[in-house]
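Student: Read off the chains here:
2 protein chains.
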Amino acid sequence: MKTALAFLLAARRCEIDDLERLALSCELVQAVSELVHQLQRERGASNVFLASDGARFGAQREAQLDASRAAEAEVRAWLDRPELGGERAGASVLGGARLFTRIALALHALDALPEVRADVAAQRCRPDAATARYSEIVGALLALVFDAADVAVDPEVSRLLVALFNLMQGKEFAGQERALGAASFAAGHPAADAVQAIQYLVEAQSQCFRRFEAFCGVEVLRQWQALQSIMPLAELERLRRVLLASGPGAPLDSARAEGWFACCSQRLDQLHEVEVALARGLGEACARKIAATRDEARNQASLLQALSAASEPRAPLEMLMGGELADEAVPARTAPGAERVEAPGAEPLGPRLGRSIVDLLHAQSQRLQAMSDELDAARAALEERKLIERAKGLLMSCRGLSEDEAYRLLRQTAMSQGRRLAEVAGATLALADVLARP
Amino acid sequence: MKTALAFLLAARRCEIDDLERLALSCELVQAVSELVHQLQRERGASNVFLASDGARFGAQREAQLDASRAAEAEVRAWLDRPELGGERAGASVLGGARLFTRIALALHALDALPEVRADVAAQRCRPDAATARYSEIVGALLALVFDAADVAVDPEVSRLLVALFNLMQGKEFAGQERALGAASFAAGHPAADAVQAIQYLVEAQSQCFRRFEAFCGVEVLRQWQALQSIMPLAELERLRRVLLASGPGAPLDSARAEGWFACCSQRLDQLHEVEVALARGLGEACARKIAATRDEARNQASLLQALSAASEPRAPLEMLMGGELADEAVPARTAPGAERVEAPGAEPLGPRLGRSIVDLLHAQSQRLQAMSDELDAARAALEERKLIERAKGLLMSCRGLSEDEAYRLLRQTAMSQGRRLAEVAGATLALADVLARP
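Which chain is which? The protein sequence lines are A and B, in order.
Taking the UniProt record's numbering, I'd label the letters of the first sequence as residues 1 to 438.
Taking the UniProt record's numbering, I'd label the letters of the second sequence as residues 1 to 438.
Honestly, the hints are just simulated from the structure, not real lab data.
Check before you lean on any hint, since a few could be wrong.
As the list claims (entries may be wrong) - Residues from chain B shown here face chain A by an in silico Cβ test under 8 Å; the list is partial: (1) CYS14; (2) GLU15; (3) GLU62; (4) ALA377; (5) ALA381; (6) LEU382.
The C-beta atom is built at its ideal place from N, Cα and C for all residues, glycine as well.
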């Protein structure tokens with residue numbers, strides 16, 4: 001018969017298990033963040049290559065393909081880990097079904113890469129089409145990071161994952177801004193709704209970076225702030241102003257395309273430096289948490305052992321733990337000693353030990369409660385995106401739109417009404433019944 | 001190298017695993033609900049036994065002890081299941097650390113039973129003290145059911161668990177009402193704040209039963225409504241009126257104690273019938289879901305196999321699944337056939353199969369999203385209790401109160417201000433900073 005103490009210790013072990021699975025997810029997130037960065041660079045180089053009819057960035061693009069492939073290989077190496085195969089695969093990651101489905105979607109998106117690259121190399125597609133195809137792949141990878149953040153189980157690590165997701169998402173908006181702006185400058189005039197779209201992307205970036213700042217922790221925040229002073233922000237704002245002031249009557253100077261691209265790229269690379277620091281911090285936070293939880297579990301066990309030795313000289317810790325360790329250490333479950341420990345009427349644990357167990361139980365229960373509250377707070381920062389995803393899903397199923405069409409519809413509505421995307425998504429969901437009507 | 005398809009199938013397997021772990025939790029919940037019922041009966045019999053100075057219910061109480069012990073043995077048998085021992089214990093239940101901590105708290109509470117029983121047998125304690133000690137044990141068991149409901153992963157099963165928890169909680173309020181009323185009638189006048197407390201318990205019951213009705217499903221609801229017609233509700237309301245109208249100037253007829261007790265007990269037993277039906281439905285729902293998910297996974301695999309046979313005659317399903325099944329079935333990972341399947345540029349899957357995988361991926365992703373939304377909706381019904389638990393925790397840590405004192409303070413505040421307990425809890429939490437000040 002297992003005792004309360006056995007389950008108290010088993011709960012600790014679960015915490016350690018959960019942290020180890022979280023550390024595994026964080027490794028995937030690190031690899032994915034590197035791959036996203038390389039694909040963003042590849043997208044940018046492909047864009048210039050196509051826009052210049054193959055005259056520029058040919059060599060850069062070739063070199064970039066190698067870097068992208070290396071980053072993809074890292075992600076695939078993670079996916080090939082032996083613990084992710086076989087019957088127990090679900091138990092080795094957090095949020096099994098959800099994360100695996102996201103991985104499947106991301107892998108499927110990545111499967112499109114060779115074809116996109118071939119089309120770019122043969123100059124078979126327009127720059128904006130290539131950008132859109134790369135962006136779809138990056139979107140699938142970002143969704144994976146989002147879900148990893150949403151299923152995380154430790155408040156500190158969750159906060160860092162929320163920060164990293166928002167940094168990556170903000171950087172992706174910056175990458176899309178680069179592409180749109182470069183195309184506009186190169187063409188000598190902004191494309192159809194490019195001005196509105198750039199305004200939206202600028203606003204979306206600042207929202208993401210605000211959330212990133214709220215969750216990234218003191219150290220990364222300091223690095224981020226130091227970086228602001230060397231980022232080409234003044235130049236970026238000047239070029240944005242030129243871009244936004246342009247219109248059918250005010251053509252853009254196409255010679256500025258290069259300056260715009262260089263300025264945006266420099267900023268993206270600097271954002272990536274913060275990303276790398278944050279990803280490293282993620283791994284360290286996991287390791288630190290695992291070590292701390294192991295230490296606490298050991299201290300807890302020693303405390304109980306000391307107390308049990310004091311109040312019951314012949315009761316070693318193994319016996320105290322009842323069924324659990326007894327299964328391994330004591331031949332028969334009904335060993336008289338083990339029985340004695342479990343007869344609470346007789347208080348064989350001794351009052352001090354009994355009291356300590358109660359204290360440990362209540363402390364553990366309150367700690368788990370506090371952790372769960374903090375987790376909820378970190379996850380709340382992910383709610384907006386969930387609203388948007390749900391609204392997209394609704395539009396796809398009720399109006400038969402593709403994912404991209406649904407997103408554009410939401411974004412255009414937000415832009416034209418001057419409302420935030422999440423507000424429009426919330427309003428869409430509130431109209432679910434109306435939309436579902438045939 | 002693993003394919004998107006391998007992770008699509010792995011996600012399905014995770015869903016089945018999760019459902020199996022949910023089924024295991026449901027078995028615990030069933031055993032716990034039976035134990036709670038027996039302890040409620042034991043509490044009632046002990047109450048009468050002590051109030052009559054041992055003159056009444058002696059034999060009933062003895063018989064009840066056997067029933068209680070049998071129900072406790074069922075719970076302990078579940079806890080002794082081999083999958084709950086050893087290193088992988090955390091992976092065999094949902095919400096590992098949290099559920100195990102609750103189990104430890106419940107076991108610790110149960111450890112007090114022999115002493116309570118000995119005190120009752122020797123008539124060493126007052127009826128209200130015995131009631132309070134039993135209620136604490138029942139409270140720990142209810143908290144376990146609550147957490148099992150809160151960590152459940154299937155919307156349909158979650159709804160049933162939320163219904164069962166609310167039915168059990170409502171029934172426990174009914175049991176506390178029985179004890180308070182019995183003591184008041186027996187004493188010939190209501191105890192200090194018994195009138196207010198009974199008003200609170202009546203209101204709390206109706207809240208719980210409303211939530212139960214919202215989640216229990218059509219079939220149990222029909223049984224519940226049929227039962228209402230044979231429950232002694234008119235008699236109960238009449239006796240409640242007598243009780244609530246009494247005061248220092250209006251003594252109670254102590255001869256009515258028996259009628260009150262019998263009427264309340266009959267109702268509790270009838271509530272238990274619904275509980276049993278609901279618990280049975282829970283097991284059936286789990287089994288049904290597991291079977292359906294297995295079928296779906298099989299159909300999905302057959303569909304893909306059929307499609308792969310049509311578009312690629314020599315590609316069996318095993319090969320399609322890439323690394324995952326290849327590990328078991330194909331000797332070398334770099335088998336040329338397997339390689340071919342993975343080169344997406346060449347579209348070796350054939351357009352139909354490629355399209356099917358995309359459809360399956362999107363359908364699975366949307367289904368998981370819809371499930372998660374439904375789950376959130378079911379869990380929202382548990383939010384009130386979480387608020388109350390958090391407010392209790394805050395008062396305990398900031399004001400140094402015991403759990404019971406914290407609860408009484410919240411309840412008294414709610415009663416005196418005519419507000420709902422959850423409102424008072426919310427207001428308490430909003431004042432966290434003020435309360436935390438030394």
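Student: Could you run down the list of hints and mark each one as holding or not?
Tutor: Results for each hint:
Against a cut-off of 8 Å between C-beta atoms, the interface hint on CYS14/B holds, since the closest Cβ of chain A lies about 3 Å away. Checking GLU15/B against chain A: minimum C-beta separation of about 5 Å stays under 8 Å; hint holds. A distance limit of 8 Å between C-beta atoms decides the matter here; for GLU62/B the minimum to chain A is near 17 Å, and the interface restraint is violated. Hint on ALA377/B is violated. Least Cβ distance to chain A is approximately 12 Å, over the 8 Å limit.
Checking ALA381/B against chain A by beta carbon gives a least distance of about 16 Å; that is not within 8 Å, so the hint is violated. The beta carbon of LEU382/B is not positioned within 8 Å of any beta carbon in chain A (closest approach about 12 Å), and the interface hint is therefore violated.
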